[in-house]
Amino acid sequence: MARYPSRYSALSLLRKGATRSNWPRAWRHHELKSSYDVVIIGGGLHGLATAYYLARNHGITNVAVLEKAYIGGGGSGRNTAIVRSNYLTPEGSAFYDRSVQLYEGLTEDLNFNIMFEQRGHMTLAHNDASLRTMRWRAEVNKLGGIDSKVISPAEVKELAPAIDISDRPRYPIHGALWHPPGGIVRHDAVVWGYARGADARGAHIHQGTEVTGIDVAGDRVIGVQTSHGPVATPIVINCTAGWSTLIADMAGVQLPITTRPLQAAVTEPVQPFLDPVIVSGTLHVYVSQTARGELVFGASVDPYSSYSSRGSLGFTEGLAGHVLELMPGISKMRLLRQWAGLCDMTPDFGPIIGPTPVDGFYVDVGWGTYGFKAGPVAGEQVAAMVATGAIPELIASFGLERFEEGALTAEKGAAAVGH
Amino acid sequence: MLVIVCPHCGPRNSNEFSFLGERSSRPAVATTTPDEWRRYLYTKDNAAGSQLERWFHVSGCRRFLDVERDTVTNEIRSVRDVAEDAR
Amino acid sequence: MTSHRLPVQPGELIDRDDLVDFRWNGVEHGGFAGDTIASALAAGGVEVFSRSFKYRRPRGILTADFHDPNLFVQVGDEPNVRAGHRRLAPGMNVTAQGTWPSLEFDARAANRIVGRFLSPGFYYKTFISPASLRSTYQRILRRFGAGGKIDPATPPAHAGKRFAHPDVLVAGGGPAGMAAALAASHRGARVMLVEENHRLGGHLLYGGPDAAPPLAELCAQIEADDAIEVLTDSVVSGRYDHNWVGVVERHGGEEHLVKARAKCLVVAAGKIERPFVFAGNDLPGVMLSGAVSRLINLYSVAPGTRVVVATANESGDAAIADLERAGVEVAEVADLRRSSSQLVRAIGKGKLEAVELSGGRKVEADLLVTAVGWTTPTSLLNMAGDRPVYDPAAARFLPGDLPQDVLAAGGIVGDGPVESIVEHGRFVGFEAGRRALTTRAAWQRLTPRAEPSDEVAAESTDIPELPAAGHPELFAGPTDGFVDFSEDVKGSDVAMAVAEGYDSMELAKRYTTATMGPIQGKLGGVNAVAVHAAAAAATIEATGTTSWRPPYAPITLGALAGVDEDPVRYSPMHDWHVANGATPIVAGQWIRPDHYGDPSREVLNTRSNVGIIDASPLGKIDLRGRDVTKLLDFVYTNRWESLRVGAVRYGVMCAEDGVVFDDGVTARLEADRYYMTTTSGGAGRVWNWLDEWLQTSFPTWDVRTTAVTDGYAAMNVAGPRSRELLERVASEVDLSAESFAYMNGRVATVAGVTDCIILRIGFTGELSYEVHVPAGYGLHVWQSLLDAGSDLGIAPFGLEAQRIMRLEKGHFLVGQDTDGLTKAHTAGVGGLIKVDKADFSGKPELLWEGESGAPRRLVALQPVDGSVVPPEASQIVDSATEVSRTIGRVTSSRMSPTLGRSICLAIVDTPYGEGGATLTVRLPEGRDIAATVLDHHVHLDPEGERLRG
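In order, the protein sequences belong to chains A, B and C.
Those letters in the first sequence? Residues 1 to 419, per the working numbering, in order.
Those letters in the second sequence? Residues 1 to 87, per the working numbering, in order.
Those letters in the third sequence? Residues 1 to 949, per the working numbering, in order.
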């Protein structure tokens, strides 16, 4: 059981307010020890969730999470916070279904309100071919017990009145895949909740601590070098995004990954008018309205690989054009801010989770544009893998060896954008 | 929007070009092994820094180009027509 | 309401002869042309313009310009209009935003009472359980959302964009920017000068009588210079890689995007005055010194009647002079440059009533003016990679290292009298001109066949320093106040976040949301940093700023979208289809006839008489040269060297991973001339791919590729009477079965049109001819065929009928019956994979797939109950297992009018795909049906007698 310095509840909030006393730190500072049982590289959602589940489910608490900047500053804080499980393949949907289950219980489990709003997730189909793909997904989902179905344009209009279902647009709406459990989360809250939970259970979170090398003896990991000195450890888990191949290179492991920026943007707030998350694969755009009233937009990855998160003007132009194609009435809303995160793209758009040719060096990388929604389940499964030494069924098809064997995951059959 | 100096057309906006990824060399088909072939298909250097990569001037002269670009700063150091090297 | 309008002021922007009527919250108001919405309302005595986001506190004018966080209003159907900037227009319907039930009384202001419980992150700490009530909380919380309203009936925007090619682009039209533009122009550069406000001049505009002469002189020089394009009421929205710069031109509410490749960018954004953090700093009646100077000098509005001024700089001193000139009673001046003098709190209920100063002294006032320093608008510099550096002596951030193509000028760099600012701008502009012209010359040199460029002197100019003036570090007073007005975040909130462990600036920003609202930290960003630093016992230098992201100022989606639309393609026969009742279908970029009323009848007619379909979207590539056969042998999996002149062959193309990528036929029309067809969607992709192999791997081969998709109209004439029909219109070709057999191609004259290509191929499974004619004659040939065949029962058929017929014949469609992982063996074309060829694209993978066996296979499937058509994507399940497991899916399905039963293609796991096997298909409604696997893909005429006849 976690020992939180202070549990969060409406009552404790009132008490603190009344006495005007301060809350304790949500996570603590620790000196970096010279050795840990497990070192996790990357203090984002995946790394912190892994630390949390190592402690919570397996009692492994002598764990360090090493973060070069501040927690949640990479992909975890730059994504569009969409959660869903209506994937195309049985393996994919079973995996993400577990993630949705975890997300549904996370607020209570972490004693931290992550504001998961299950307002439904709608993927629009603009032609026969995409309607066929939607039905494919719906049928696979139903077999896996996931709430997912194809709906008509009239039902689209009822759920999201701002959408133009007339035959005016260049991309008329033929129907949609409707997934009621999908929705949006306050992404930072998930990171902070896991950090607080992992800290309370004994894991050490080291911010501002950059890994500069991985020590390998023979074919075994023995430690890492950091900006604050060396750390001995038999187990290193690479939970980074954007820089995952650079970290893997330190252990002499090559990955089939290309780093691409993925951009997103947010508008000024307006009064609520859009409930579900709206996605169009054909138009490469996804939209949701936050609790604060802003529209959050995302699109497909940038046209060329880069480690730059500076963003581009062309992205906002294309984005706005596509959004207005769907919702012509919002042309007077204003784009407030754009940003970019770095995505690790694999050849089959599936993640790479599992051991590597170097003993003790594990990877949880290659999440492409899906990393946020997978955070809880990835953390849970990676923790189980590291703790038990066996690869859990849910992640069995995501191993690195599949590329050598030419047995790619079938999610590649999905549309280029499948948020 | 980057500026790519096409050797045939001069400085042009990068949206005239399509990016084809980092350069790779095709193994000899007669003798290749699954390991080698799939490394050619899938494994990337993914350098953070200088990268030799291929672009196609699809809305221009339709030539395939080898471009040396810094993947961190997006500075472009050189552009050559592929056929010049391949010939 | 009393008028707060002053007598005529020397530099006022309003036109007192031009009255403008408008509405504010349903009440008629009046103002003058040249007024902003806010100045007109202030002149009319309005003090409260909005309610704050979290606590619903009344808010009034703070800065009276574009960046005022308290002046967001709704204008008609346009939300979030900045009333401190937007000019008044006749008939404007202006309303306060997000207030309920009214601006004067907002019921949700009760939040103020419980304010102490709404600590930062309070959402995260509460509503945790019970889970069942969480969605109710969420719905209620959403009602507190900020911002205006969307009107779904807003007409679609069609805001044109344009490109610009300035040598030097100057962001900021104050004295430094104007001087820089002039100097760059004198150097020979073409200049674009962009100013946020409605007029050039920056702070000189509201600088009172002394500022007028230098401003007039600069304006006159700019006016006279044809090489400077001036954009006012416009903003540089972002600087992107390689100096790609977005500029937004505004015309009232209408915005247009200008995209510029600036060879050199000069940032002359000046300084933005920052608020002071103290209790009551958001009360209506508390303003910054700039607001006072703007209201008095630009709009001739008295901002109050009795004022306390707390000043630490010349801007505050100038405001005092302005106030005195305007006849406002200056009750007290607290000079904050003296350590003994302090501003403690603003007191008032709903608006300012008194000010508490050092020693508990209270002064009655309805206006409190603060002048405590600056936030530097380094946003554009930051986007160019600069990390601003904090200078404690100047109490503000200053530019750091800039790239070669970006320079900073004027107030953003340092301080001084107008002459020094202008001087600095001149030097920067001169140097910017040199750098830009150097780049221009280099680009000209790099452009083959361009005019020779002018030589540019390489000497760079040393830009003299413009030091930042000393300023006391005044961020927060002894009491707690707001650091972010639009987000309702107080100093104590930031401090609490630090105490809770959110101790880097980025974490505290995200936790408190300070600087994340519409003002983006432009006013108070540095205050948040200072408060954070104090709480974390760190320096401001070490704490640093958060990253500024584009755009500099929000842009409407309409302006970003512009009028660009994705292209649509029509065949030359499109008008005929429309006139003849075709139902259109969008197929990729093409609009095609789906059917002409009844696809089944179209099928039956084609199978018994003759049908004609417009096949123009087919990809078509003309291939010429001695080595075309070598290329075909490489890009297709099958063998091509034996293809004789006059023959046509089908082939499948695979990528290097063995995955089917396209298919089609290629005809050899002459010894060195070939004609390739591809799928409609693959036309461009295949052409590029051929050129890629040719240029990168086979540069010595003699092959020229030309895409001719739009050059030829294509139509397929299919059915038992198609030969008879074609014989009536074609000449210079022998169509007899002996001379022109199946899988042959000829160049012929059709309906008098020479150079047509006829391919005898059979996607529909019938005797059929694909006729390709020069596009300009497409409609003529189409009409001629219909006319000639009227007695043969000719009728057009659409895409749907073709899909039925190809399915009856068992032809797969790339991308429908295959997916991104389907290799050639899986698709069932193993017979076309010639692994004894030395090399071809994807060969190793196909060799190995052949050896190990494909894990899945494409099969033809017939439901046992032929009246049921399982929808495409229906899953095939293994009903033997307890939990239904998918073992495949239906990829294509139709009711066959020819066979009178349902037919399918399906991908199944190989062990289940043997001919004769019975499989279980789960229909979307949940019912299972049985279906039988056929021995081959063909449902109709497996021997191909119709085809070869």
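If you're looking for bench data, these hints aren't it; they were derived computationally from the structure.
The reader is advised that the hints may include incorrect statements.
[Unchecked claim] Here are the computed lysine-lysine pairs in the BS3-like style, where the Cα-Cα straight-line distance is at most 30 Å: (1) 54/C with 349/C; (2) 16/A with 630/C; (3) 834/C with 630/C; (4) 157/A with 149/C; (5) 837/C with 630/C; (6) 362/C with 259/C; (7) 349/C with 362/C; (8) 16/A with 54/C; (9) 161/C with 54/C.
Tested hints:
Using a Cα cut-off of 30 Å, the hinted pair residue 54/C and residue 349/C holds, with the two alpha carbons roughly 18 Å apart. Pair hint residue 16/A plus residue 630/C does not hold up; C-alpha atoms about 80 Å apart against a cutoff of 30 Å. At roughly 14 Å between alpha-carbon atoms, residue 834/C and residue 630/C fall within 30 Å of each other, so this suggested pair holds. Between residue 157/A and residue 149/C the alpha-carbon distance is near 19 Å, which keeps this suggested pair within the 30 Å criterion.
The straight-line distance between the Cα atoms of residue 837/C and residue 630/C is roughly 11 Å, inside the 30 Å bound, and the hint therefore holds. Proximity of residue 362/C to residue 259/C is assessed by CA-CA distance (about 54 Å); at most 30 Å being required, the pair is judged violated. Taken as a hint, the residue 349/C and residue 362/C pair is honoured in the structure, with Cα atoms around 15 Å apart against an allowance of 30 Å. A C-alpha spacing of about 19 Å is found between residue 16/A and residue 54/C, which places the hinted pair at or below 30 Å, so the restraint holds.
As the CA atoms of residue 161/C and residue 54/C are separated by approximately 38 Å, the hinted pair breaks the 30 Å bound.
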